[in-house]
Amino acid sequence: MRVAARLRKRGGGSAVPGLVVNRLAPGFLSSALDGFADGLVIVTGSSGKSTTTKMLVAILEAHGKRVFTNPSTANIAQGLTSALLERASLGGVVDADIAVLEMDEGHGARIAPLLNPRTVLLTNVMTDQIDRFHDSEMVAGMLETIAARASDFLVVNADDAMLVSLAGGLDGSAVQARYGVDASVLAASPRGLGYAKESVTRLAPADGTVVTAVEGRLATVTLAGEPWPITLPARGTHYAVDAAAALTAAQAVLGSSFDPAVATTTLSAVAPVFGRGEVVTVRGKSVEFVLVQNPASFQLNIDSLQAGLDQVLFAMGSDVRDPSYFWPVDASSLGRVTVASGSKATELALQLTYQGVVVDAVVPDLGRALDDFLSLPEPRVGVKTIIFTADSMRRTRTHLELT
Amino acid sequence: MTNLRILSIFPSLLNVNGDAANALVLAQRARWAGHPARIDELEPGGQLSVVPDLVVIGSTADASLPEVANGLAGIRTELADWIEGGTPVLAVGSGMDLLGEDFAIPTETVSALRIVPGGVPDAPLGRVADDLVVNSSFGRLVGFENHYRGFSLGEGALPLGRVEYGVGNDRSTEGFVYRNAYGTHLHGPVLAKNPAFADHLLGLVIPGYDSRSVPAGRADDMAKAARNSIAARLSLVSE
Chain D
1 MRVAARLRKR GGGSAVPGLV VNRLAPGFLS SALDGFADGL VIVTGSSGKS
51 TTTKMLVAIL EAHGKRVFTN PSTANIAQGL TSALLERASL GGVVDADIAV
101 LEMDEGHGAR IAPLLNPRTV LLTNVMTDQI DRFHDSEMVA GMLETIAARA
151 SDFLVVNADD AMLVSLAGGL DGSAVQARYG VDASVLAASP RGLGYAKESV
201 TRLAPADGTV VTAVEGRLAT VTLAGEPWPI TLPARGTHYA VDAAAALTAA
251 QAVLGSSFDP AVATTTLSAV APVFGRGEVV TVRGKSVEFV LVQNPASFQL
301 NIDSLQAGLD QVLFAMGSDV RDPSYFWPVD ASSLGRVTVA SGSKATELAL
351 QLTYQGVVVD AVVPDLGRAL DDFLSLPEPR VGVKTIIFTA DSMRRTRTHL
401 ELT
Chain F
1 MTNLRILSIF PSLLNVNGDA ANALVLAQRA RWAGHPARID ELEPGGQLSV
51 VPDLVVIGST ADASLPEVAN GLAGIRTELA DWIEGGTPVL AVGSGMDLLG
101 EDFAIPTETV SALRIVPGGV PDAPLGRVAD DLVVNSSFGR LVGFENHYRG
151 FSLGEGALPL GRVEYGVGND RSTEGFVYRN AYGTHLHGPV LAKNPAFADH
201 LLGLVIPGYD SRSVPAGRAD DMAKAARNSI AARLSLVSE
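So the protein sequences, as listed, match chains D and F.
Numbering-wise, the first sequence is residues 1 to 403 according to the working numbering.
Numbering-wise, the second sequence is residues 1 to 239 according to the working numbering.
To be clear, the hints were calculated from the coordinates, so they are not data collected in a lab.
Please read all numbers here as calculations on a predicted model, not as lab measurements.
There's no promise every hint is true.
Claimed, not checked - From chain D, some residues computed to sit far from chain F (all C-beta separations above 12 Å):
no. : residue
1   : Ser151
2   : Lys285
3   : Ser318
Stated by the list, open to error - Simulated DEER-style distance windows between Cβ atoms:
no. : chain 1 : residue 1 : chain 2 : residue 2 : range
4   : F       : Pro66     : D       : Pro113    : 32 to 40 Å
5   : D       : Pro113    : F       : Ala232    : 35 to 43 Å
6   : F       : Ala80     : D       : Val279    : 53 to 61 Å
7   : D       : Asp207    : F       : Val214    : 54 to 62 Å
8   : D       : Glu137    : F       : Arg171    : 22 to 30 Å
9   : F       : Pro36     : D       : Asp330    : 17 to 25 Å
10  : D       : Asp330    : F       : Val214    : 22 to 30 Å
11  : D       : Val358    : F       : Pro106    : 52 to 60 Å
All residues carry an ideal CB built from backbone N, CA and C; glycine is no exception.
Using the sequences and the hints given, assemble the complete structure.
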């Protein structure tokens, strides 16, 4: 088993050894995940999982916890098993106090009966992968299945009406903890927060963790009614919401040992997750990578790009079965895209063209498109910007040998 | 030159799959051909201020269907007059279902508009979420279908085409044509990927319409490449 764990693919994918073990020892995943003294935390929802998980792990570690977590690209059952194998002793015991796992909503719901999380954190419900999930009601149903497994705490985004409704319908023992934004932060987001259904009322600081201000990468959150300044890993209100979610979960998990000063300082030092507003030097050029996960993150990320960028590569891959559901996104602010790439390049180019964006080239071969794009001289405005869906992100990381 | 008026029905509710983008596709293609066009958006309870040249109705999830049906009931008279009078209408997915007879969803019976002969049969098809390829009088139509219910054509309605790959109405026929109203399960921006269909609708309302232009040529090359890439994946011959 341990030999299998070393057969990791480059580019972050690591499902194969887990697939082998899940067939050989199907009980391995659940028994290993039940073995942590401080239990298991599951982070799930349509978007924000990776950033929230990374923040929560950092806060728990700063409070002296040894944390087992999964790389964000390994959030399906096989990937989880692989990640566990890499850390497990021969007896299957992982040397950590607590596990914090990011989990895809579909796969998470399927393996939920095997899991006994003490805490479940729900980020949001967005219109996502229509061909796989059909509609947002189905996503909410899957999150409900996962949430119902929580024994101690259910951490819920108070601005997401579907999450509030499903949490209210659960009759388990878990105590609910909430986070959200205040009216001024919501008003500053002209297109809303991107949730399938937004709550009518805002969370009061007395009732949970509230984001009360966002200005660039600086934000303010209230913890137990007290305001705390934080720095976000990248621009965007959605990162402030991720921070509020992580702080709320940390507070629930740590109880009286939670230190808000330690938590907010630690959180402020968290680097962006790959593809979430991170600027990386590749082949001597500065490149910003932007991941598009669903229509809402597509819109939010495009809206937060610098205006007038003259070098943009946009790649849409095979993870997008049918790009129809991206058409409600208004991409016109991009103005010009240097190259559309990925296996869905022509469909992407079609949307951009009808929305008035000039597409200079359509090159479905992503490797070639990346090489050509990176060899262009420095842009006149901003940095080279690569926007991609999850599949194209993986291929980009592999092609550019980025870890 | 007068504006071409394209009416988008309830775009805030009927755009889950990007179907409302079909209004944008019609407007852009008209503009590229030199005809000014505007999109009027009607939301439930809103006032119909002008008579449209073309109408686009998109689709939604079951949870929103009663609200949509309620809103449509308020403009039934106008919609029926337009359709009987020959105004081109594109209705996609559940928008198509709503033009026919009443039908059942798991929670209730939806009051449909009963303008187009036919409707959703009692026995559902089961969930379909896959590519759909249709042979129509505008050539091959390629897209994606995601629905649970079929459609049964009544007397006076013709199918939009025959199913080459996928399920459509009943695994054999797809969509409907009734006067100049067109229903289809091809969801999302069907008119972008299948510009011949869009040009047929525009040709019905723009005298002497000629789609040829530089931007349309570029977009249509992209659309053809997209159709052929799906056809190749399905082992169908390319166009």
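Evaluated hints:
no., hint, verdict
1, Ser151, "holds (30 Å)"
2, Lys285, "holds (28 Å)"
3, Ser318, "violated (10 Å)"
4, F/Pro66 to D/Pro113: 32 to 40 Å, "holds (33 Å)"
5, D/Pro113 to F/Ala232: 35 to 43 Å, "holds (40 Å)"
6, F/Ala80 to D/Val279: 53 to 61 Å, "holds (57 Å)"
7, D/Asp207 to F/Val214: 54 to 62 Å, "holds (58 Å)"
8, D/Glu137 to F/Arg171: 22 to 30 Å, "holds (27 Å)"
9, F/Pro36 to D/Asp330: 17 to 25 Å, "holds (21 Å)"
10, D/Asp330 to F/Val214: 22 to 30 Å, "holds (24 Å)"
11, D/Val358 to F/Pro106: 52 to 60 Å, "violated (46 Å)"
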